[in-house]
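Line by line, the protein sequences give chains A and B. Here our numbering is used: the first residue of the first sequence is 1, the next is one more, and so on. Here our numbering is used: the first residue of the second sequence is 1001, the next is one more, and so on.
In short, the hints are calculated from the structure, not lab data. Note that this is a predicted model, so its numbers are computed, not measured. Where is the CB? At the ideal position from N, CA and C, for every residue including glycine. All the pointers check out, no bait thrown in.
Covered stretches of chain B, going by a simulated chain A footprint (3 or more residues, C-beta under 8 angstroms):
| id | segment |
| --- | --- |
| 1 | 1014-1023 |
| 2 | 1117-1131 |
| 3 | 1151-1163 |
| 4 | 1169-1175 |
Protein chains: 2
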Amino acid sequence: MKGNRTREQIIDQAIRMASVLGLEGLTIGNLARTLGMSKSGLFAHFNSKENLQKAVVEQTAQRWISFVFEPAMKNGRGLPRVRALFEGWLEWESAEFLPGGCLIMSSAFEFDDRPGEIHDMLVDLQRRLYQNFERAVVQARDEGHLRGNLNEKTFVFTWVGLFLAFIHRSRMLEYEDAVHMLREGFDQLVERNR
Amino acid sequence: MKGNRTREQIIDQAIRMASVLGLEGLTIGNLARTLGMSKSGLFAHFNSKENLQKAVVEQTAQRWISFVFEPAMKNGRGLPRVRALFEGWLEWESAEFLPGGCLIMSSAFEFDDRPGEIHDMLVDLQRRLYQNFERAVVQARDEGHLRGNLNEKTFVFTWVGLFLAFIHRSRMLEYEDAVHMLREGFDQLVERNR
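Input sequences plus hints: build the corresponding full structure.
Shown next as structure tokens:
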């Protein structure tokens, strides 16, 4: 069976590795070793490290959509949907298939000074995250769930910041109160904008 | 003169490189090329990549103290000191000697899954940042500048989050409104805790 793994199985393992080591830490060599495949066999699937990274980013983005975004859209417009996005993102950060957390968010800090196709894909995905969240916040304002003069950009900026602080405090500093801080910070953000 | 640079000049250049490439992207080889030194000459100074990384982290922490922390301490206890820490950190993020931004903050996302001495140094520095900020916030509460039932940990968690979102939005997404968002977010944080 050696070498006979499907593309899907390979990318699944690549996502796990990139979650822990970062996108730059993922190589065809270390992925082949982890899978028990030959390096040349794996090379035949992707041709380059960059193609492997691209496949990982694309597949992670697809999972985000089905894991966080689509379930949240099933909630009513307004605050229920905003809260569902918050809860979905929080579950995503501890998803079984992302043992080191979301590789798209952590790669933001890895790739900010590395121009290229991967950088541009990551930027595009994160801009879309902002846009989707801002749309949900605008709807919450239009539904009367949040105050009429709310600036949706500042709201989402603070929301993203709370998540980054959560990732930083839980993964790097290993403080167990990180999820409590995140919930308290988000509740305060919603309360003062009602 | 080749190879005859002082340790101080070498570390200065190493900090610049780590700021752009990340601590893991900094190697004795690429630093030697940038300085026009021989790799063996540079190796004689540090003996290993890890020693070079340690020197960079230590020296960056020293600069943080004299650039941000000590000037802020000259301000009166309470909100003036909290605001001085905010402004100092913001200046720090665009300091001439950190062309790619603060390497300690961005390394947090690089090293969270890489155990070792560098990881532990970074964690220690960032825990101290939290502690120093929390102390300044507690003083502002004691001086009556912030509300008496304020939780200083949640306050500083949100403050750090705003900075992480600022770094993300300005460096990665290249949105020019990032500094405006940061100031607005911080002003709202202070206002609702007065």
